[in-house]
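Single-letter residue listing:
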Amino acid sequence: MSDHDHRHDHSDLSETELRVRALETILTEKGYVEPAALDAIIQAYETKIGPHNGAQVVARAWSDPAFKKALLEDGTKAVSTLGHVSRVGDHLVVVENTPQRHNMVVCTLCSCYPWEVLGLPPVWYKAAPYRSRAVKDPRGVLADFGVTLPQETEIRVWDSTAETRFLVLPMRPKGTEGWSEQQLAELVTRDSMIGTGFPRTPGAPS
Amino acid sequence: MDAAAAREATKAIPGVPRDDEGPVFRAPWEAQAFAMALTLHERGLFTWSEWASALASEIKRAQAAGDPDTGETYYRHWLATLENLVAAKGVASTATLHRYRDAWDHAAERTPHGAPIELMPGDFG
Chain A
1 MSDHDHRHDH SDLSETELRV RALETILTEK GYVEPAALDA IIQAYETKIG
51 PHNGAQVVAR AWSDPAFKKA LLEDGTKAVS TLGHVSRVGD HLVVVENTPQ
101 RHNMVVCTLC SCYPWEVLGL PPVWYKAAPY RSRAVKDPRG VLADFGVTLP
151 QETEIRVWDS TAETRFLVLP MRPKGTEGWS EQQLAELVTR DSMIGTGFPR
201 TPGAPS
Chain B
207 MDAAAAREAT KAIPGVPRDD EGPVFRAPWE AQAFAMALTL HERGLFTWSE
257 WASALASEIK RAQAAGDPDT GETYYRHWLA TLENLVAAKG VASTATLHRY
307 RDAWDHAAER TPHGAPIELM PGDFG
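Same order as they appear, the protein sequences are chains A and B. According to this note's numbering, numbering within the first sequence proceeds without interruption in unit steps and concludes at 206. According to this note's numbering, numbering within the second sequence proceeds without interruption in unit steps and concludes at 331.
Watch out, some of these pointers could steer you wrong.
Residues of chain B placed beyond 10 Å of chain A at every Cβ, according to the derived structure [stated by the list, open to error]:
1) 254
2) 256
3) 266
4) 280
5) 298
Restricting the straight-line Cα-Cα distance to at most 30 Å, the calculated cross-link-like pairs of lysine-lysine (DSSO-like) are [what the hints assert, rightly or not]:
6) A:68 - A:174
7) B:295 - B:266
8) A:69 - A:174
9) B:266 - B:217
10) B:217 - A:77
11) B:217 - A:30
Per label pair, the in silico range of CB-to-CB distance [unchecked claim]:
12) A:203 - B:225: 21 to 29 Å
13) B:324 - A:136: 22 to 30 Å
14) B:213 - A:177: 33 to 41 Å
15) A:171 - B:331: 47 to 55 Å
16) B:223 - A:200: 21 to 29 Å
17) B:328 - A:64: 28 to 36 Å
18) B:318 - A:202: 39 to 47 Å
19) A:98 - B:266: 26 to 34 Å
20) B:211 - A:203: 30 to 38 Å
21) A:177 - B:318: 43 to 51 Å
22) A:146 - B:256: 41 to 49 Å
23) A:31 - B:256: 39 to 47 Å
Honestly, the hints are just simulated from the structure, not real lab data. None of these values were measured; they are calculated from a predicted model. Where a beta carbon is used, it is the ideal one built from N, C-alpha and C, also for glycine.
Model the full structure from these sequences, guided by the hints.
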């Protein structure tokens, strides 16, 4: 089952993104940089771009039922009350994983990706084959990432639009009763907030 | 290109937002701008001291124009410095930078949401 309507039919880049792309294109054409080399540098920092914000949001939701309720009602508003995220865009929708339903997000190609909370999208995630397969065969894509869900768990694929971005609220791992928000945040991976992974298991190496 | 080069850069340039392991970024474009400067430095387009002084001038200019200088805008200054140096070194003029910026804007406009945005010759007006 997928939610694949596009109300907004073209892509959108911010002024800053346009300038960065302009520079990169010119430097590539002139032979000063190779896109692959730039990607390699950026990938080296992928965990250093934003995702701690999302992990804190998730950890708070696990610890504070009132915050969780507010978060599911209005993601943008609830996240802004935490104060450490400067901008989350207009509509951040938080979708909760339950034993009955697993959520997964696609589309990272333009400003629709909530990097403020998720960090940098992984390279594989930007690839066209992933996008189309995620919609047609989400269970197969998840299996490729080593994520196996019970057959009775419904998988819902959310396709970001220019207006609405999604953050998956993963299920709190078992064995974390009494943990502090800080401890919990360390279990939250980027992939678990995209829906292509689970949070870390308590006690497992990170 | 490795972490050592990035660490060297963060030592040579004051104010780079970082943690114990190296630079941190608030947005993907910040990392892209950082990576471009790293690559151009490696290509010998400028030295880090030259970069640091150009960046300092850019920050000073922005502060004079009312920039709050909270650290949130650090990479905006970084990007402006890249643009200035690329123009000053004769790699691409300001006019060329604008032309490419407009072309990317055009490309985004005509690209259906969810499809990769690619620059085509027709995007240059």
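Hint by hint, here is what the structure shows:
1. 254: Non-interface label on residue 254 (chain B) holds, nearest chain A Cβ at 16 Å vs cutoff 10 Å.
2. 256: The claim stands: residue 256 (chain B) keeps its Cβ more than 10 Å from every Cβ of chain A (closest is about 16 Å).
3. 266: For residue 266 (chain B), whose nearest Cβ neighbour in chain A is about 21 Å away, the distance exceeds 10 Å, so it holds.
4. 280: At about 13 Å from chain A, residue 280 (chain B) clears the 10 Å cut-off, so the statement holds.
5. 298: Label violated. Min Cβ-Cβ 5 Å, cutoff 10 Å.
6. A:68 - A:174: holds, 18 Å
7. B:295 - B:266: Distance of about 21 Å is within 30 Å: holds.
8. A:69 - A:174: Distance ~21 Å between residue 69 (chain A) and residue 174 (chain A) Cα, so the pair holds.
9. B:266 - B:217: holds, 20 Å
10. B:217 - A:77: Measuring from Cα to Cα gives roughly 38 Å; hence the hint is violated.
11. B:217 - A:30: Within the cut-off at roughly 29 Å; holds.
12. A:203 - B:225: 21 to 29 Å: Once the Cβ atoms are compared, 25 Å apart, the range 21 to 29 Å for residue 225 (chain B) and residue 203 (chain A) holds.
13. B:324 - A:136: 22 to 30 Å: holds, 23 Å
14. B:213 - A:177: 33 to 41 Å: holds, 40 Å
15. A:171 - B:331: 47 to 55 Å: holds, 50 Å
16. B:223 - A:200: 21 to 29 Å: Between residue 223 (chain B) and residue 200 (chain A), where Cβ atoms are some 26 Å apart, the hint holds.
17. B:328 - A:64: 28 to 36 Å: violated, 52 Å
18. B:318 - A:202: 39 to 47 Å: Between residue 318 (chain B) and residue 202 (chain A), where Cβ atoms are some 43 Å apart, the hint holds.
19. A:98 - B:266: 26 to 34 Å: violated, 53 Å
20. B:211 - A:203: 30 to 38 Å: Holds, since residue 211 (chain B) and residue 203 (chain A) (Cβ atoms, about 36 Å apart) stay within the stated range.
21. A:177 - B:318: 43 to 51 Å: holds, 47 Å
22. A:146 - B:256: 41 to 49 Å: With Cβ atoms ~47 Å apart, the hint holds.
23. A:31 - B:256: 39 to 47 Å: About 21 Å separates the Cβ atoms of residue 31 (chain A) and residue 256 (chain B), which means 39 to 47 Å is violated.
Consistency note: the structure conflicts with the earlier hints numbered 5, 10, 17, 19 and 23.
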